[in-house]
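Chain order of the listed sequences is A and B. The first sequence runs 47 to 483 under the working numbering. The second sequence runs 53 to 212 under the working numbering.
Please note that a few of the clues may not be correct.
Derived pair list, reagent style BS3-like, types lysine-lysine, alpha-carbon separation capped at 25 Å [claimed, not checked]:
1) A:K201 <-> A:K191
2) B:K152 <-> A:K380
3) A:K62 <-> A:K85
4) A:K380 <-> B:K159
5) B:K123 <-> A:K236
6) A:K409 <-> B:K159
7) A:K62 <-> A:K201
8) B:K123 <-> A:K301
9) A:K99 <-> A:K85
What the hints contain is simulated information worked out from the structure, not anything from laboratory work.
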Amino acid sequence: MATLVSHPDEVRVISKRFGQGATDIDRYLQLDGYKAVQKALAVEPDAITNEVKNSGLRGRGGAGFSTGMKWSFVPKQSAKPKYVLCNGDESEPGTCKDRLIFEHDPHSVIEGVMIAALAVGSNTGYIYIRGEYRYLSVIMQKALKDAYAKGFLGKNIFGSGRDLDIYWHGGAGAYEVGEESALMESLEGKRGIPRIRPPFPAVVGLWGGPTVINNAETLAAVPHIILGGADWYAKLGTPKNGGTRLFCLAGNLNKPGVYELPMGYNLKKMIYEVGGGISNGRSLKAVVPGGSSTPVLLPEEIDIAMDFDSVAKAGSMLGSGGVVVLDDTACIVKFALRTMKFYRHESCGWCIPCREGTDWLEKTLTRFHAGAGTKRDIDNIYYLAENMLGKTFCPLGDAAAMPTMAFVKKFRKEFEDHLDGNPCPFEKAGAAEPVLA
Amino acid sequence: MRFSDEFEARFAEMLTHYPTRRSALVPTLLYAQDEVGFMSDEVIAELAQRLDLTELEVRNVISYYSMLTTKPRGKYNVQVCTNIACQLRGGEELFHYCRKRLGIGHKGTTPDGLFSLEEVECIGACSWAPAVQVNYDFHENLTNGKMEQLLDEYKNKLNH
């Protein structure tokens, strides 16, 4: 069980039931549970969607698309059944927030799926949880069973005359499945090979039916929005970025942990105050602001608001909320290599630029970190990455390319320090042999 | 071939959750692996038959997912994360330590069949790095000393 932390600047919405025993359905009910869905049952579906739209809630999985907008793309009439799919395949390196939601407040996710289903006119939802999170699947399966036992799910929910089923589903180890079209393939019992879009899932999704796919944190926010109102939620954040989000502070910090902060919270403050500053008395070298696929920021670039638009303006992305902090003892080439090793491992090989690009980049970076690189390699790394951008079915190729290009652009000098047989300047003499052979 | 009653009950229920039988495949494979230890030929044939798939289709799916394996593993699969957040806090050193302590490399198994070792990708414990999963159990904020203790605990578990 992951340790919980707290900071006075936190605004607890998603995390307000953490540590409160809310996995127990009766406790959840005491803490305002399943009130939002009853409120939603009393209004027109469009009113729910509008409320979510007006709240400024944007996808917490990383893309930051307006949740209400996404729901509004689902056709009203459909010959095929409509579905709601909760993406709990959390696997972007640096991200460990959905895990806490499932662990402490599984019913909030169920309730979020229910409200989404009411908004788009669906009778079936799925909650997909990554295979490694087995203990969370146990929690979720029990939570669903309890919700059925109370009559909140199944036939005629809350006596409304509406039927609604929600099922658990589990993965078996695959980062790429966190991408929405690959997620659907996985749920259909296949390899997680991405689908080409259009058509978008909102029109043609699971088994060909219109499908809303939202991140677990996004859905967990929905009941709070319905109960507290769009205005209240929107005002917690910045004008185009409503609410709060869970930020996973990781890396060389004194107080790493998952903190819920308002959208737009200053990154510098997040690192030095919330995260307690750089550990071991070291100084800051770089920050990866939103999971491993987001371009790195330099210390002089971190005085920014952590919302989707401000981070984009700074040349990176807010992503999945995983803030990874590097101190001055970290080797950027090694870090870039580890990042690329991950993407090479996770690339499904369907799109050639990603399959070949990640493989060549890992090989080049390995050679480079070992001191066998040449000056030409530096440009070649950038060039290989650049040629993956926008050339793949799913964003995995981009996710591998974007951080790599930023590492080369912002830390060229450090790459040059590894040239011509020079050993990595950051490896301590007599350190263990490199893992990445 | 018969699995545990719990498996059979879950499997039967899961089939009612989807419009196609195949959809139950991925989670079912993992639950089957948990019982048998690996994706044996027998398991593959059995699940293919139950879900109206060819064995090749099942093998295709197995090869995509990193948790599924067609080779037997040790009783305790020690999965050390060395991805970025863990790397910055000693994940690689921890992996080296495990290699030395267990005397096996990546995807190796000790001769007594007790431990397997794996260097894995991000397991979602970034704020509590470095982290390890032994089978499904998370162990976080580790040091070499804590790791030694942990391995001993697993070893002793078997003797009691």
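These are the hints, each one checked on the structure:
| no. | hint | in the structure |
| --- | --- | --- |
| 1 | A:K201 <-> A:K191 | 14 Å, holds |
| 2 | B:K152 <-> A:K380 | 22 Å, holds |
| 3 | A:K62 <-> A:K85 | 20 Å, holds |
| 4 | A:K380 <-> B:K159 | 22 Å, holds |
| 5 | B:K123 <-> A:K236 | 21 Å, holds |
| 6 | A:K409 <-> B:K159 | 21 Å, holds |
| 7 | A:K62 <-> A:K201 | 30 Å, violated |
| 8 | B:K123 <-> A:K301 | 40 Å, violated |
| 9 | A:K99 <-> A:K85 | 17 Å, holds |
Checked against the numbered hints given earlier, this structure breaks hints 7 and 8; the rest are met.
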